[in-house]
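Novice: Here is how the chains run, residue by residue.
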Amino acid sequence: MGVIPWVSWYALRRYSAYPLGSMAEAVTNSFFGVVRAGIVIALWHARPGLGGYDTADAVTYSFLTQSLIGPVQIFGGMELAQRIRSGDVAIDLHRPVNLQAWWLADDVGRAVSTLALRGLPPMLVGGLFFTMRLPGPGEAAAFTVSVALAVLLSFALRYLITLSQFWTHDERGVQAVTLVLSLFLSGMIVPLVAFPEPLGALARALPCSGLIQVPADVFLGRRAGGALLSGLAFQAGWAAALLAAGGLLTRAAERRLEAQGG
Amino acid sequence: MTDVTKTFTLRRRTRGRLRRERTTLDAVDGVSFTVPRGEFLGYLGPNGAGKSTTIKMLTGILTPTSGRVRVAGLDPSRSRTALARRIGVVFGQRTTLWWDLPLKDSLTLVRRLYRVEETAYRARLAELTALLELEPFLATPVRQLSLGQRMRGDLAAALLHGPELLVLDEPTIGLDVVSKATVRGFLARLNAERGTTILLTTHDLGDIERLCRRVLIIDHGRTAFDGDLAALRRTAGADRQLVVELAAPGPPVELDGVPVTDVEGPRQTLRLPDGANAASVVAALAARYEIRDIALRETGIEEIIARLYRGDR
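These protein sequence lines are chains W and R, in that order. Once you know that position 192 of the first sequence is 192 in full-length UniProt numbering, the rest is easy, because the numbers rise by one and skip nothing. Once you know that position 6 of the second sequence is 6 in full-length UniProt numbering, the rest is easy, because the numbers rise by one and skip nothing.
Be careful, since some hints might not be right.
[Stated by the list, open to error] Chain R stretches covered by chain W per the calculated footprint, using a threshold of three residues with CB under 8 Å from any CB of chain W:
(1) 79-92
(2) 96-107
(3) 112-121
[As the list claims (entries may be wrong)] To spell it out: a stretch of chain W is covered by chain R in this simulated footprint if at least three of its residues, at any positions, have a beta carbon under 8 Å from a beta carbon of chain R; those stretches are:
(4) 67-77
(5) 92-106
[As the list claims (entries may be wrong)] Computed list of chain R residues with no C-beta within reach of chain W, every gap over 10 Å:
(6) Ala72
(7) Leu147
(8) Ala188
(9) Asp228
Hints are computed from structural coordinates only; laboratory data are not their basis. No residue lacks a Cβ here, since even glycine has one placed at the ideal position from N, Cα and C.
Okay, chain W solo, but in the shape it has when bound (with noise of 0.2 Å):
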C-alpha cells in the first residue's frame, strides 16, 4: 500500500490533537445556527414557500449548512499557503510524492476529522430547539457521497488559489475576493434558490454551489432518481476539472519555484 492512505490517516489524527479547540469551534458554529434559523423564519413567515423551500426546510438548511462549514472549509485556506509564504514547502517539494496528491489525503484527513468532531454539534442544537427535516436512509447514503464530493471539490478550489501564490507571493488578495464569492455562491449566507433569476441559475451553474448547495438539497431529498444523479455528477464533474487543473498548476508552479526564504 502506497504512503497516500497513510498521510489522511496522520492528517485525521493531528487534525484531531486539539479537540478543545474544535469543540470552541462547534459552538460557535451551533450559535450561528441559531441566529440563522431566527432570520430564515422571518424570511419564510414573510415569503411562505419561498424558492420551494417551507420553513423546516429553510430551519434545517441553516443548521445543516453549518454542519458543513469544518468538512468543506467554506472560510478557505489550506496550510500549504503559509507552507509556501514561510518556504517550508521546499520540505514538500523533497519528498518522493505529488505535491497535490499529499495535500489532497491530509485535506481528506483534515474534513473526516472535523465532520467528526464539528459536525454533529449544530444538528442537535437545531434538532433539540427546532422543526427540522431528517433524511431517509437512502437519502442519507447519498448526501454521504455529496459530502465526500463536497469536501473533494472544495479542496480542489483552495488548491488552485493557494497555488496561485507562486506567483503572486501572497495569496490573501486572491483569498479575500474568493471568500466573499464562495460565501455567496455557494449557498452559506442565502439559499441558492432564494437567489433572483436568472442569478441563481448562474450560481447553481458555478462550481461552488457544489460546496453548500447541492449537498443540503440531497439532505433535503430535494434530489431523487435522474435529479440526484445529475447533482452528484455536476459535483463531480467540477471536482475533476479542478483537480486536473490543479494538477498541471502544480506543473507549472515547479518549473516556475521561486522558493520564498532560506
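Given chain W, work out where chain R should sit, using these hints.
Specialist: Okay, now just chain R, sitting in the frame of chain W:
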C-alpha cells in the same frame, strides 16, 4: 544502473528574479564542483551567498537556469522523485516532522513514504535511536521537543531510508554545545562507518574544523575557495601573531620586518609574516626589551574565512 564512480558534477548558473523590477540576481554564478563518494564537504559562504540555492538545485527543488547538475548520476530537476529515494536532506531551519504527532509517528510515515522494508526499518530505527539518543522522546509530540531533540529527530527521518548522500543545510543552527557535540559525533560516525557522503552548509566553524575534510566557500554566487583546511590556512596567508607583555608601557617595539598591530598598555601585538621564525623574533625581542610574558597565536579559521568573505586575501 547509475555511474559506479559516484561523481557529482555541477556546472551551472542560476538567475532568481526580483519582484516586478526586472533586475536579475545571479544567486549562483557559474559554480562547479565534484564530490566523490564518501567525501565530507563543508559548503560555506556568507548569508545570501547562494548556499541554499545550491542545495535546492542539488535536490531538484530548483531548476538551474543553465549548466549541468548530476547527483548520483541523475538530473535532480528531472528525476526529483527518484533522487529523493537515494538522498537524505535536512533543512536545519525547517522540519519534516509532524508538529502535533509523536516523533515516532513521523518516522513511521517516513517509512511508508520511502517504502522501507519492515525488518530494515526496525534495524535502522534501533540504530538511529541508539546513536541519536532518541528513546526518551520518541513518544513526545514534536511541538514539545527542544530544538536539539527536534534536530536529532529530523536527522533520523532523513536517514531511515539509508541514503547514499546526506545534504544538511545548517544542521547545528541554534543548538547548545551538548546537542552540537551529539550531532557532530553522529555525522562523523555516519561518514566514517557507513561511508555516507555528506554535504554540509554551516556558519559554525566548529562544524568545519571537526568534520569536514574539504571546504568549499562561495561568495556572491562564485567559488572563492575549494580545498582542505590546511590549504585554506595557506591561502589566507599563514601569518601568526605574537603577543608580548613588557615590564612597562612604552612606545611600540621596533623590530625589522615585524610590525606592531596593537598596543594596549604594556601588551603589544606583533604580526609575524608568513615564514618568519618565531624563535629568532622572540630572542631578538628579549635581547632589547624586558619581557614578562609571551604568547604565539595562530590566525583562527574564523579570521581566515572572514578575510575571504571580505575579499582581501
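Novice: Evaluate the condition: distance from the CB of R/Ala72 to the nearest CB of chain W exceeds 10 Å.
Specialist: Per Cβ check, R/Ala72 is outside 10 Å of chain W; nearest 14 Å; holds.
Novice: Under a C-beta cut-off of less than 8 Å, do 3 or more residues of the segment 112-121 of chain R approach chain W closely enough to confirm the stated coverage?
Specialist: holds (count 4)
Novice: Just checking, R/Leu147 versus chain W, shortest CB gap more than 10 Å?
Specialist: The claim stands: R/Leu147 keeps its Cβ more than 10 Å from every Cβ of chain W (closest is about 16 Å).
Novice: Check whether three or more residues of the segment 67-77 of chain W sit with their beta carbon closer than 8 Å to a beta carbon of chain R.
Specialist: Violated - the segment 67-77 of chain W has 0 residues with a Cβ nearer than 8 Å to chain R, which falls short of three.
Novice: Has the segment 96-107 of chain R got at least three residues whose CB is nearer than 8 Å to a CB belonging to chain W?
Specialist: holds (count 6)
Novice: R/Ala188: least C-beta distance to chain W exceeds 10 Å?
Specialist: Holds, because the least Cβ-Cβ distance between R/Ala188 and chain W comes to about 25 Å, which exceeds 10 Å.
Novice: Counting residues of the segment 92-106 of chain W with a beta carbon closer than 8 Å to any beta carbon of chain R, are there 3 or more?
Specialist: holds (count 5)
Novice: Using Cβ atoms and 10 Å as the threshold, tell me whether R/Asp228 really stays out of contact range of chain W.
Specialist: holds (28 Å)
Novice: Do at least three Cβ atoms from the segment 79-92 of chain R come closer than 8 Å to Cβ atoms of chain W?
Specialist: holds (count 7)
Hint compliance for this structure: hint 4 is the single one not met.
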